[in-house]
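Visitor: Got chain D sorted already, so can you dock chain X onto it with the hints?
Spelled out, the chains give:
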Amino acid sequence: MIFRGDEPEQIGLLKKLYPKGNYFMQGDEAIAYGALFAGCRFYAGYPITPASEIAETMARELPKVRGYYIQMEDEIASIAAVIGASWTGFKSMTATSGPGFSLMQENLGYAVFTETPLVLVDVQRSGPSTGQATKGAQGDFFQARWGTHGDHPIIAISPTSVEDSFWETIRAFNLSEKFRIPVVLLADGIIGHTREQIRIPDPEEVEIVYRKLPANEEESKYPFGDVHGDLVPPMPLFGNGYFTHVTGSTHKESGLRDVYTPEVHDRLVRRLHKKLEVHETEIQKWEEYYVEDADILLVSWGVSARPSLGAVIEARKKGMKVGLFVPKTVHPFPGRRIKELSKNVQTILVPEMNLGQMILEVQRFVREEVPVIGVNKIGGVPLTTEEILKEIESSAERSRHRSAD
Amino acid sequence: MAKEIYTKYKMAKYLRKEALPTALCPGCGGGTVLNAFANAIDQLRIDPRDLVVVSGIGCSAWIASPYFLADTLHTTHGRAIAYATGVKVGLPDKKVVVISGDGDLAGIGGNHLLHAARRNIDITVILVNNFIYGMTGGQVAPTTPFGAVTTTTPYRNVEHPLNIAETVASAGASYVARWTTFHVYQLIESIKKALTVKGFSLVEAISQCPVQFGRRNRMKTPAEMLRWFQKNSVPISKAKTLSPEELKGKIIVGELVNREKPEFTEELNFLIEEVAKQYGLGDKNAD
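The listed protein sequences correspond, in order, to chains D and X.
So in my numbering, spot 95 of the first sequence is number 95, and the numbers just go up one at a time.
So in my numbering, spot 284 of the second sequence is number 689, and the numbers just go up one at a time.
It is worth saying that the hints were derived from the structure and are not from the lab.
In this text, all values refer to a predicted model and were calculated from it rather than measured experimentally.
Subject to a maximum C-alpha distance of 30 Å in a straight line, what follows is the list of computed DSSO-like cross-link-like pairs (lysine-lysine): (1) Lys252/D to Lys178/D; (2) Lys252/D to Lys422/X; (3) Lys16/D to Lys682/X; (4) Lys682/X to Lys64/D; (5) Lys285/D to Lys339/D; (6) Lys422/X to Lys221/D; (7) Lys339/D to Lys321/D; (8) Lys321/D to Lys285/D; (9) Lys252/D to Lys418/X; (10) Lys682/X to Lys20/D; (11) Lys252/D to Lys413/X; (12) Lys655/X to Lys643/X; (13) Lys64/D to Lys603/X; (14) Lys343/D to Lys390/D; (15) Lys275/D to Lys328/D; (16) Lys212/D to Lys422/X; (17) Lys178/D to Lys285/D; (18) Lys15/D to Lys682/X; (19) Lys221/D to Lys418/X; (20) Lys415/X to Lys221/D; (21) Lys598/X to Lys636/X; (22) Lys655/X to Lys636/X; (23) Lys666/X to Lys64/D; (24) Lys390/D to Lys328/D; (25) Lys339/D to Lys274/D; (26) Lys415/X to Lys252/D; (27) Lys275/D to Lys339/D; (28) Lys274/D to Lys328/D; (29) Lys317/D to Lys343/D; (30) Lys15/D to Lys285/D; (31) Lys221/D to Lys413/X; (32) Lys212/D to Lys178/D; (33) Lys636/X to Lys653/X.
Pulled out of the complex, with its shape left as it was, chain D reads as follows (with noise of 0.2 Å):
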């Protein structure tokens, strides 16, 4: 099992299993060891291109470190078992792509409202529908923010190679105890397949996050009551004779449900946002590169992030003022951190594969004056630092222009 005191042990079979050192693997097994490293102990999981070999590695490591693998009979069912693991005390997860994913939207919705931890990972590919079903694509950019139904915070990490998989989902794992949200780490299906090194650490090196438990009676009396003031309930697990009540529907603080009176649903809905935006700092992470003289800003996110970091470094040795923005917390959006950065910009530009996603959410933060352009290819290839380059050469000579006129 995974709880506090088991460490020695699980510290002892992690250095075992997996000593140390460089490694070979895919993004998906990367996020897989991850996950195990962060202390995921049950997953529950349906197949599906490009995230399988997620649940493959799981099936194969978990039994080992005596945590649960099952095959669920379908996505739903998938994050339904998770959701019953966590409140028994399991660090949880499952992995899917595109149409998983709109299949475990009611349930990610379910695990919102009653505050349960879990990871979900979405190794986007292209869509809609079946899609390029082997291919990649940064296309749920908003399916994991507006998914669900109804007015929901959500926490979404996406990482940007092998090696930032293994730390982000530790990182998804650690955020979604802390704050007892779910967690989707939307990684895509490019990294996913990708192979290259990645080093292992020692598990002291990784700074493990438990969710906070009722410390006596009268805390477990109010599962979703700010007791400690800080927003975040803790959580009484199933089988401690705590005679908790979980529901869906709009719940008091007892856990009751009360789905008349409107105070109860705006505290509880209000409570959820106000947990995120209180501590939107400690949530939101992102990378900085040759920002501070720019002219052209670059935000990118995910697997784009590579060859717009190639294109920056490129265009830089050519003499121009380009810099790099990277969210890794694409939920909340770190759009306070843009706002400041493009008070000093011309342009901005938005590399990614889908039609122009995350560039909505550059443009809330950008004022008027600044074009903000997006560098976008689908089908199922990625961007290539001569694609971006060439958008940031045609950008410098547009803004030549406008500065002669």
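Guide: Below, chain X without anything else, positioned relative to chain D:
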């Protein structure tokens, strides 16, 4: 009113009193099922702290959640068994019980029902079959009898009902029984057996819904519906001697299956012990 129930009703100690009185309509069979379940728990002396009750959406989902005083998980429509699977794997030593309706468990959730039976996971399912979608206003269900009138089959139902108990039995469950709310004592005994059997167990409780089903099918009162159950029920032993013609429209009651076979969470744990031993610490053979 809640206080009065609490003092007079012996099984009230098992109920969440702040949730009472129940939202069930007068004459609903749900109360009978709740009573039978509480009595089964009481007779088996199961500590409610060793119980997790999971339900889906609809009238019957309310029977045990929120009313039963245990850990209760009220889930999305149709998915109770899938949620319960995760709970059982996490808490293999607890009794995990799913109580929900026919529409929830056999309609939208039919796939989960079949696969849980196939896996033979140690969960007890009490499926309350009232032939109708009650909470949403009496629409046709996968269990509605052929020819019956509902709000979405206003002329008559031209679909054939699903025989839930038989389907689950052939899917591989360890224990399957069917009774009606007329057969209260038999129902209690079957729930007790289902709770003690290792493996997937299903008790189908045919239940009256005078408000949404009976009213539109010439059985306005709860008593009329119970009389219909009484008259039309055939014990399984007798049913074996009758022709299909004679069994038309009858409710076959009794135990359909009671067998031993490997249980899922136990097998899963055996496997984990095996693998962990091979790769685990302190085992020199693994080095």
